[in-house]
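We have chain B already, so just place chain R on it with the hints.
2 protein chains.
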Amino acid sequence: MTRQPTDQGPATDDGFHVFDTTLRDGAQREGINLTVADKLTIARHLDDFGVSFIEGGWPGANPRDTEFFARAREEITFRNAQLVAFGATRRAGAKAAEDPQVRALLDSGAPVITLVAKAHDRHVELALRTTLDENLEMVRDTVSHLREQGRRVFVDCEHFFDGYRANPAYAKAVVRAAAEAGADVVVLCDTNGGMLPAQIQAVVSTVLAETGARLGIHAQDDTGCAVANTLAAVDAGATHVQCTANGYGERVGNANLFPVVAALELKYDKRVLPVGALAEMTRISHAIAEVVNLTPSTHQPYVGVSAFAHKAGLHASAIKVDPDLYQHIDPESVGNTMRMLVSDMAGRASVELKGKELGIDLGGDRELIGRVVDRVKERELKGYSYEAADASFELLLRAEVQGRVPGYFRTESWRAIVEDRPDGSHANEATVKLWVKGERIVATAEGNGPVNALDRAMRVALERFYPALAKLELVDYKVRILEGRHGTESTTRVLITTGDGRGEWSTVGVADNVIAASWQALEDAYTYGLIRAGVEPTE
Amino acid sequence: MTRQPTDQGPATDDGFHVFDTTLRDGAQREGINLTVADKLTIARHLDDFGVSFIEGGWPGANPRDTEFFARAREEITFRNAQLVAFGATRRAGAKAAEDPQVRALLDSGAPVITLVAKAHDRHVELALRTTLDENLEMVRDTVSHLREQGRRVFVDCEHFFDGYRANPAYAKAVVRAAAEAGADVVVLCDTNGGMLPAQIQAVVSTVLAETGARLGIHAQDDTGCAVANTLAAVDAGATHVQCTANGYGERVGNANLFPVVAALELKYDKRVLPVGALAEMTRISHAIAEVVNLTPSTHQPYVGVSAFAHKAGLHASAIKVDPDLYQHIDPESVGNTMRMLVSDMAGRASVELKGKELGIDLGGDRELIGRVVDRVKERELKGYSYEAADASFELLLRAEVQGRVPGYFRTESWRAIVEDRPDGSHANEATVKLWVKGERIVATAEGNGPVNALDRAMRVALERFYPALAKLELVDYKVRILEGRHGTESTTRVLITTGDGRGEWSTVGVADNVIAASWQALEDAYTYGLIRAGVEPTE
Numbered sequence: 000m001t002r003q004p005t006d007q008g009p010a011t012d013d014g015f016h017v018f019d020t021t022l023r024d025g026a027q028r029e030g031i032n033l034t035v036a037d038k039l040t041i042a043r044h045l046d047d048f049g050v051s052f053i054e055g056g057w058p059g060a061n062p063r064d065t066e067f068f069a070r071a072r073e074e075i076t077f078r079n080a081q082l083v084a085f086g087a088t089r090r091a092g093a094k095a096a097e098d099p100q101v102r103a104l105l106d107s108g109a110p111v112i113t114l115v116a117k118a119h120d121r122h123v124e125l126a127l128r129t130t131l132d133e134n135l136e137m138v139r140d141t142v143s144h145l146r147e148q149g150r151r152v153f154v155d156c157e158h159f160f161d162g163y164r165a166n167p168a169y170a171k172a173v174v175r176a177a178a179e180a181g182a183d184v185v186v187l188c189d190t191n192g193g194m195l196p197a198q199i200q201a202v203v204s205t206v207l208a209e210t211g212a213r214l215g216i217h218a219q220d221d222t223g224c225a226v227a228n229t230l231a232a233v234d235a236g237a238t239h240v241q242c243t244a245n246g247y248g249e250r251v252g253n254a255n256l257f258p259v260v261a262a263l264e265l266k267y268d269k270r271v272l273p274v275g276a277l278a279e280m281t282r283i284s285h286a287i288a289e290v291v292n293l294t295p296s297t298h299q300p301y302v303g304v305s306a307f308a309h310k311a312g313l314h315a316s317a318i319k320v321d322p323d324l325y326q327h328i329d330p331e332s333v334g335n336t337m338r339m340l341v342s343d344m345a346g347r348a349s350v351e352l353k354g355k356e357l358g359i360d361l362g363g364d365r366e367l368i369g370r371v372v373d374r375v376k377e378r379e380l381k382g383y384s385y386e387a388a389d390a391s392f393e394l395l396l397r398a399e400v401q402g403r404v405p406g407y408f409r410t411e412s413w414r415a416i417v418e419d420r421p422d423g424s425h426a427n428e429a430t431v432k433l434w435v436k437g438e439r440i441v442a443t444a445e446g447n448g449p450v451n452a453l454d455r456a457m458r459v460a461l462e463r464f465y466p467a468l469a470k471l472e473l474v475d476y477k478v479r480i481l482e483g484r485h486g487t488e489s490t491t492r493v494l495i496t497t498g499d500g501r502g503e504w505s506t507v508g509v510a511d512n513v514i515a516a517s518w519q520a521l522e523d524a525y526t527y528g529l530i531r532a533g534v535e536p537t538e
Numbered sequence: 000m001t002r003q004p005t006d007q008g009p010a011t012d013d014g015f016h017v018f019d020t021t022l023r024d025g026a027q028r029e030g031i032n033l034t035v036a037d038k039l040t041i042a043r044h045l046d047d048f049g050v051s052f053i054e055g056g057w058p059g060a061n062p063r064d065t066e067f068f069a070r071a072r073e074e075i076t077f078r079n080a081q082l083v084a085f086g087a088t089r090r091a092g093a094k095a096a097e098d099p100q101v102r103a104l105l106d107s108g109a110p111v112i113t114l115v116a117k118a119h120d121r122h123v124e125l126a127l128r129t130t131l132d133e134n135l136e137m138v139r140d141t142v143s144h145l146r147e148q149g150r151r152v153f154v155d156c157e158h159f160f161d162g163y164r165a166n167p168a169y170a171k172a173v174v175r176a177a178a179e180a181g182a183d184v185v186v187l188c189d190t191n192g193g194m195l196p197a198q199i200q201a202v203v204s205t206v207l208a209e210t211g212a213r214l215g216i217h218a219q220d221d222t223g224c225a226v227a228n229t230l231a232a233v234d235a236g237a238t239h240v241q242c243t244a245n246g247y248g249e250r251v252g253n254a255n256l257f258p259v260v261a262a263l264e265l266k267y268d269k270r271v272l273p274v275g276a277l278a279e280m281t282r283i284s285h286a287i288a289e290v291v292n293l294t295p296s297t298h299q300p301y302v303g304v305s306a307f308a309h310k311a312g313l314h315a316s317a318i319k320v321d322p323d324l325y326q327h328i329d330p331e332s333v334g335n336t337m338r339m340l341v342s343d344m345a346g347r348a349s350v351e352l353k354g355k356e357l358g359i360d361l362g363g364d365r366e367l368i369g370r371v372v373d374r375v376k377e378r379e380l381k382g383y384s385y386e387a388a389d390a391s392f393e394l395l396l397r398a399e400v401q402g403r404v405p406g407y408f409r410t411e412s413w414r415a416i417v418e419d420r421p422d423g424s425h426a427n428e429a430t431v432k433l434w435v436k437g438e439r440i441v442a443t444a445e446g447n448g449p450v451n452a453l454d455r456a457m458r459v460a461l462e463r464f465y466p467a468l469a470k471l472e473l474v475d476y477k478v479r480i481l482e483g484r485h486g487t488e489s490t491t492r493v494l495i496t497t498g499d500g501r502g503e504w505s506t507v508g509v510a511d512n513v514i515a516a517s518w519q520a521l522e523d524a525y526t527y528g529l530i531r532a533g534v535e536p537t538e
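Each protein sequence line maps, in turn, to chains B and R.
Residues in the first sequence are numbered from 0 upward in steps of one, following numbering that gives the first Met the number 0.
Residues in the second sequence are numbered from 0 upward in steps of one, following numbering that gives the first Met the number 0.
These aren't lab readings, by the way, just hints derived from the structure by calculation.
Just so it is clear, the structure is predicted and the values come from calculations on it, not from any experiment.
Hints are supplied without guarantee of correctness; some may be wrong.
It does not matter which identical chain is used: a pair holds within one copy or between any two.
Stated by the list, open to error - When the alpha-carbon atoms are kept at most 25 Å apart in a straight line, the in silico PhoX-like pairs for lysine-lysine are as follows:
#: 1; residue 1: K470; residue 2: K436
#: 2; residue 1: K171; residue 2: K266
#: 3; residue 1: K269; residue 2: K94
#: 4; residue 1: K94; residue 2: K470
Same shape as in the complex, but just chain B (with noise of 0.2 Å):
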């Protein structure tokens, strides 16, 4: 991140909220499925990009909500955003203070909190199974409680634009009981996902005059229209909108972060995030996206690397004389890029924030700003992606600014073996031979994988010159499988994130089988480990 650090409070005042809850609403998407270690890297993206409020999950529901929320109290020091614990209203018949779930949310030592409430009719019937009125005990008593531990409180209606076409009076009566027991904001649900503008905005209207609570709207994709639907309900009135990264969310999904916080800040002049973070949302979507293991949207409405794609032709000279006639907003203004060709994402003026952000000044050279580019351009093209490996970036503009990279070792070839045996155990096997300082070592391995067994190959070859690399451990791993284009077969690109105890790196390596890129990923890992650890080059 290039803006200045803010004080101590958030960087946005809270007359706006822009709350995201891709770590809990999100994380529903089919096909997600995040650790502990994704949700704290997402985390810390998220605060990154400045949003107000950060959902991190259900703590007490499942083990890994619980764990996250305990381990981002001390492993992240939030700068923008404050971090939200979700629940429900207390059990029917029970009361807060008793209510083990509810005693969960405190526990989770989240300053914030959010109560989901059933606010339609029939869903407190048939799905809670117990009567309207024990339903507006059951809001009053868990807020109470919890604002009297000193809990901020907002309260989800959830179903709330179908209850309220239900049951107008009931639906009211839920946001009026919330409000009066002390929830700062009643955030309004399109559950199911099938409003479309023009109701949310005359019902969000209509439940500001009657209540005068402050309301805010949370919107599923069901009709294709939950953007559109979030800010109907701010022209409305509403001052808190709930989104997630990517739109991620389950079934369609839910209403996309960044074009609602894009048109809020572009469109109505509104600032919600802190200055110069609306130039990360590029970055930011791509680098959340790798995280979850799904393929970025390539024709996502600002962030996509088709968003500014201008086919040739037609429009191509009058671009040249004002590009501003053939695109909504300016691309730099999302960190995105206009492109006139096939050709990938990597622009001037990132390369040189990227520089200034790992340290290295580029001095508006631009000359060798141009030799980076290109050379980005040219491994983007073979599959590559830096987005989420900054450390092979590093590397690839070391060697471009020195002119050569830091070398520890120089690999001759390797080999791994991998066998199932008749009683269903594996044996992995792997040999390297590497040159290190003019000596040929060669070097053999077992270990619970291939990649692993490489590993652990390279350390026997290589730790007798390189104590250092005792301390890197391999962190996190994945995998993608890149569509083969024109008839060429299909490459494998392996992400490889490593940690020496005092922070973690991610490095990327592409090839045609995933034991060769994930040793190309390999290498760069240790490269980069021992020049964090200040080893001299030797080759």
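Structure of chain R alone, referenced to chain B:
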């Protein structure tokens, strides 16, 4: 198609137009490159679906589009749609009757012609390089000429909304010129896609009131609001919507035909398609994606495979009571189906529903369902994930219900070797030892990676016994490393998607290394493929 054949005339009246421009504007999408045969196939699908107009391209602008119109006239008998040729107003300073580009539009034989006209003063000056008056004359002359030649004419006012902001009087003058010269519909285009619904609605209302012209809307999706923008224009009185299948189009794309017509039919109760056509929507969306060679979006509203997929265990029991509580429409109404995702949040209800979905009746057998739930939980604890691996889940279910999984082969052992040679090339070799129908088979194959080599060795071993395997193809492959818990080694999860030309299925494998996990997923993929093919089990 299950609906009844209609009369000769269009199936819907002329009062509201669903105008599709997939073949013209949709083809501008990065990555789409249509042959004439592709265009003819898509035109047939769109006619089946029952759109009112199909814009086929720009005859005369390129030979492909000229050929399309010639062949479409000969080869397709349209039941619902009329074919539309797209072109520009005549050149400045010439006569429409003498303009070869205008001539080509007439030569196409299309009964309807859409003319693109500039409506933004700066574009007239900078892109057309003519005067504002001459541009109006170009509109009048070209529309009149085409009307005299017996064609119906629509006029697309390019950059209308940006132009309206810059010079509203001129933008309206273009609308009036088109309408007065005989254009049936004047289409207001948000060419740069930067508008939001409230802006669209305000401008369309004003232009309608002040010009009295019949108005249409053409929205690009750069703010993520194209569907909502299209509906906002309808709210304001537009009676002609221009869309593309699956939202294909330049940059981010166009207004997506499917959520637009679904909203009109299901939310507005407006009949815009022939009776029964909406129930074909999912099939047609996927079929068109196949023709343009893009993977159908899993998360597309209404038609995505995830659009009615429910994950949260919380909801499953209530869904059993009443699915309407958790769905904004009946999925069958758009030809889609509800799916229950089995995950570690799953309870009995979701397993039972899932069984029903797969055609395996668990008959409310509480003991059996409990066993399946236990088995899923136990496997998911080891790292399996059935949410994205329906086929593996079905095999698990069959094993519990039938006491055994249909078997086609038994694995004795296998081995994979990956070698990086000093020249940088790779060798991948795999050997499998299998038992089939009492015979022991040893087979070796090379591949472009170790999993590919195993896959090929397996085929070498099995295809003699099961020729149906030749049809199976690896479609997608994903790898995830799962964190080790409490000091155990980390495990690897592999998800494989396999296809047989008729459909696709996904399988999962979990093991201590990527190759062994891949092998498991391959075993499931082959077993499931053979069950699908109706092959009798032998083991």
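| Okay, which hints does this one fail, numbers in order? | 3, 4
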